[in-house]
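Chains as they are written, first to last, in full-length UniProt numbering: chain A, 1 to 330; chain B, 1 to 320; chain C, 1 to 352; chain D, 1 to 326.
Since the hints were made in silico from the structure, they are not lab data. This list has only true hints and no planted wrong ones.
Below, in silico cross-link-like pairs of lysine-lysine (DSS-like), each with a Cα-Cα straight-line distance of 25 Å or less:
1. B:206 <-> C:107
2. A:268 <-> C:278
3. C:98 <-> B:207
4. D:241 <-> D:122
5. C:107 <-> C:155
6. C:219 <-> A:268
7. C:135 <-> C:155
8. C:108 <-> B:208
9. C:219 <-> C:149
10. C:278 <-> C:268
11. A:237 <-> C:278
12. C:219 <-> C:107
13. C:135 <-> B:208
14. C:149 <-> C:107
15. C:135 <-> C:98
16. C:268 <-> C:288
17. C:268 <-> C:318
18. C:108 <-> C:135
19. B:208 <-> C:107
20. B:207 <-> C:107
21. A:268 <-> C:155
22. C:108 <-> B:207
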Amino acid sequence: MSLLSVRDLTVKFSNRGQSVTALNGISFDIARGERVGVVGESGAGKSITGFAMMNLLSRPGYIDGGQVLFEGKDVLKMSAREQRSLRGNRMAMIFQDPMVTLNPVLTIGQQMVETLRAHRKLSHEEARQIATVKLKEVYIPSPEARLDQYPHELSGGMRQRIVIAMALLLDPQLIIADEPTTALDVTIQADIMELLLEMCRSNMVGLMLITHDLGVVSQVTERTLVMYAGRIIEAGKTRSIINDPQHPYTQGLINALPQQTPPGSRLKQIPGSMPSLNAMPSGCPFHPRCPLANDLCRTTMPKVVQYADVEVACHEVQRLQSDLTSEAAQ
Amino acid sequence: MTDQSAENPVLIARRPSRLKEIWQGNIGYSFRRNPVAIVSLAVFVIITALALLAPVLAPFDPYDPASIDIMNSEYPPAWVDGSLPGFWLGTDDQGRDLWSTILYGTRLSLMIGLCAVVVQAFLGISIGLISGYVGGRTDSILMRLADIQLSFSTLMVAIIFLALTQALFGSEVFAQYAVFFLIAVIGVAEWPQYARTVRATVLAEKKKEYVDSVRVLGFGPGRIMVRHILPNSLSPIFVISTVQVANAIISEASLSFLGLGMPPSQPSLGSLISAGFDYILSGSWWITVIPGVVLVVLVLVINLLGDWVRDVLNPKLYKG
Amino acid sequence: MTPKDTGALLQIRNLEKRFDVDSGFLESLKFRGGKIVRDTTSVHAVNDISFDIGRGEAVCVVGESGCGKSTVARMVANLLQPSGGSITYDGQRIDTLKGRDLLPIRKKIQMVFQNPYASLNPRMTIGQTLEEPTKYHNPDANAGEVRDKVAAVMKSVGVDPNWAARYSHELSGGQRQRIAIARALTVDPEFIVADEPISALDVSIQAQVLNLMLEMQEKHDITYLFITHDLSVVEHFGTKVVVLYLGSICEVADTRTLFAAPKHPYTKALLSAVPQLKDDKPNHIRLKGEIPTPINLPSGCPFQTRCPMANERCRVEKPASVTQPDGSLVACHAVEEGRTEPGIESGVKEAV
Amino acid sequence: MFAYLVKRVFQAIAVMLVISLIGFAIQGNLGDPLRELVGQSVSEEVRQELRDDLGLNDPFLVQYWRFLGNALQGDLGTSYFFKEPAVDVILKKLPATLELVFGATLIIVGLSVPLGVYTAIKPNSWISRAIMAISIIGISIPVFLTAILMIYLFSVELGWAPSFGRGETVHVIGYWDTNFLTVDGWAHIIMPSIALSSIMLPMFIRLIRAEMMEVLQSEYVRFAKAKGIAPWRIYFVHALKNTLLPVITVGGVQIGTMVAYTILTETVFSWPGMGSMFLEAVNRVDTPLIVAYLIVVGFIFVVTNTIVDLIYGLVNPTVKLARLGA
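With the hints as constraints, model all of the structure from the sequences given.
Below, the structure written as structure tokens:
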């Protein structure tokens, strides 16, 4: 049984009495200790997926159906108390911007101790001990002094380390990291990513890494989900997706990277931009930008099929596959 | 709102008119969905119309001593025993028809409130724009002044100023020019409200790159302030303007109640309430309560509209 | 270093910029050792920077937050007054110009900004946004000419001229950035300062905008000063790279040279920090600690607090830029002395 | 912190100087001290002599300096009407006003925090809607009208509470008589206190609600939820402190308004405090008393504002560091 399975998760946003679909029935699994990357551009629904799994969507978003099974139990059907005992304890989350994640008027120590004491019967002193140990694990110098400092006294990189330490406090099974390095400087980004990778590896923690950066995904994760306009359009082993992407969007995304073109020549661009939620095209949401689009793409949403090493939702790939099988049959 | 589209008739021709756009957009939608806002606006329009038409609607002219008969004083409204026909809201202590007096009084209160806010807005927006755009020493001096002024509160400044003016000129001269004194003091004393809001908005807008981009295009500071920054600072100005009108009306009423505003011969709602207060213990409640209700309803609908405007425009009201 | 005229289009010499942090006299009073001392704290954003930009070049300034790259851009675009040094454009000193004297330069040097969501006036239609500068700089043009000009620039950035009636909030980020470029083009500039023009955009859109800028360079013969933190873009776009750290220059080199043989330890670290697609073994140079604040600059070399090769000399003496055999300029004692790398990988975790 | 403190104290002194200058200017221009002293039947020569004796012909700055010196020693002239030192007259009236302000503050602080927090946490419950409806009506009724309506309802019609005066008080110390030690005193102070708080209370409820709702939207509150922290702790530990910081600053600014409202409330309830005294002084053109009131009230403003600012600086960790970080 996988650690986490998401089934047909649908999220909607209500606006002016109407609702638009932000997440369109997505399904995926994360195994114990597995590191999964969720890639996509802004508006693809990747952060929403993360928050929906914690059942922490902020208004006007709401979950309109589907299941989030954590160790076989549906998180969305649990009582508020059960959900709380899961959050921060079995399933932790790291937010994007460390400058606003920590409460400005509470010390680092207060914020770490309260997390521990929310889930375990510990004395204040014991909780501080554990907090100190965790801070040391994420390479924070003089951890005990840090406990009494306020967040604004620390740099961004330091704060993100503390957030990671907080996520690790109760040895969770799964960490959901929502763009954990986007707000940081390049040289610090690499550090934090490496730390996160190391922590997950050594503690056998599952990781769901939400990011827009294909480079990061390729270095940290084992499996990748590519999202576009609220759907997963391609999923599979990270290596396979990076080296041999099947969906035209994934191909376009990888080819658009400057490293993929020789210096000086034009970059390969995808025309147009991602549709907004209230103007979703019919059929495959990518068809207005897709070089391979045909009439079928304009009317029907493609089903997910297995092709080569990956699962893809694309009519064109599906056609290739059936050609192959019919060839094989002949 | 300044209409910049006027200069580009060709470009704008393809769009629906500005008003229609607003009505179809978020503002119109939220208005149509909000019964409180609709009722408030209706009540406000009715009160304003009645007040404006006071000379036409009022059966008596409360400013004309010839039409007043002191023998008619303290008659109750029509629905109370002992009322006098022809005076459906009763009469006040001087024998004036309360209905006519309230119409005229509302007109005065509204006029003073609106004019005072115009003065506030003019002073505050100019100072706020300059302070925010110029910055530096000018800014810190102006804002320190605003802080001090604000901490003394409008009402306090107004009370002291009017008290001294009255003592200086004597109450007769004062009564003659009371309208102007009130507008001036409420207008001038509240400038920091606007100035601080506008300044904070200007500072936030100034940081945005569209201002830098027009600076790089070589536009002068005047053009940048008026054509680019001011139109983008309008939401918070709208929001505080509604609240300020309500506050100005309350301030005027309070000052008149203290005898530092409109004289009884030319009563605003506040001075009417004040005059009636002396008779409330003897049971003539209507002289106080009826103008009081009118005042509260007027202020309440303005405040409700203000709440709605704040919710729909939802500007980031910058603090500091 | 004495300012010398190299004949380049834009010459930056010994440029300095300090921002005072204290807002008033009383704020600058500090209580130290039982005495009240007056001590103004200031941010040393840019310290003694010199480089050239030749006509037709695309010079990239690279660095992390707090390195002063945006400040340099703003000084070149005349949005900020330098605290010291000079900026010369086409033989004319431009940093001292004021008011109307600036107008001719404004027509030549334009700027494109980072955030397309903030760089267009939300209360103006696209048409108004583009017409205003066109009219302002061509007061004699009649309405028809203005309209034609606006339509022409819109077409040239790949935007349908019929969109003139739209407001910026009706456009996507990429489209907005196109309009921002179109606005700069309305005055037919020779030189564009681009401050992180693509870093707020999605990957697929970044490529669109970058291609557009390359196209403009060919079509209109534009010289670029391109500010970015993303080295992968630099390799593609720039002819020359200036690497900044804490307001000082580390290395100036041709793009090819820099990517083939980076010399300054900071450049090396920066290059290795870019996540690569194919290589799934992260193998980057870890720098200890974090970027110090530009308020209290470290003594000596600004990079010495994080440099794996720093020694005593680096802690006291600020290195000067030295020309290397391959033509690049490097400000580093270690490179100058030919110090060998003392195991760049060591001293990693303990020293955070 | 040191620079911050020095700065605040300097500012306070500067403001006090401005106030004293205004006070002095009023004293010089309002009313004629000679008439109060000798009446009108004295010849012009004698008047001039008197003027010289009183120093009224000295240069402006000399006179101001003298005024300032006297003021610092607590001498702000003698009230024309009471024939007593103006400062004494005010000090006698001060406790009544302060007790009234204390009562109103108690109501405001005691009710605005729980109600504001409740309406922010449960914005859609009917209790919240009722509280918000009442509070917008509350801020729409002028203080004096609330006071009048309360008198009409509870004193005239129902006869529950007395409508004027302080009632039975107990002497404490010096000029201080208190309402809070007798039943009759309580009965007298309740209505004026409620009236005085009638605009401020709804205003603070709305302010706290708005701030709290904003804080509840913040990333750090979402992060606290993601850590599995119990709701009560999120509300009262994470959100409340961040909510109250801006409220403190607003509170400081409201002190002036509060004093202005005391004038209205005291007038309606015939409360024997400084406010009603000031209005009487204005009607009698009792210049020294007017000036003394101005300076005493100004002093109270400045001191409380400075204290509020310092408290804010101490409570807010971000300010503390910015100021301490030399």
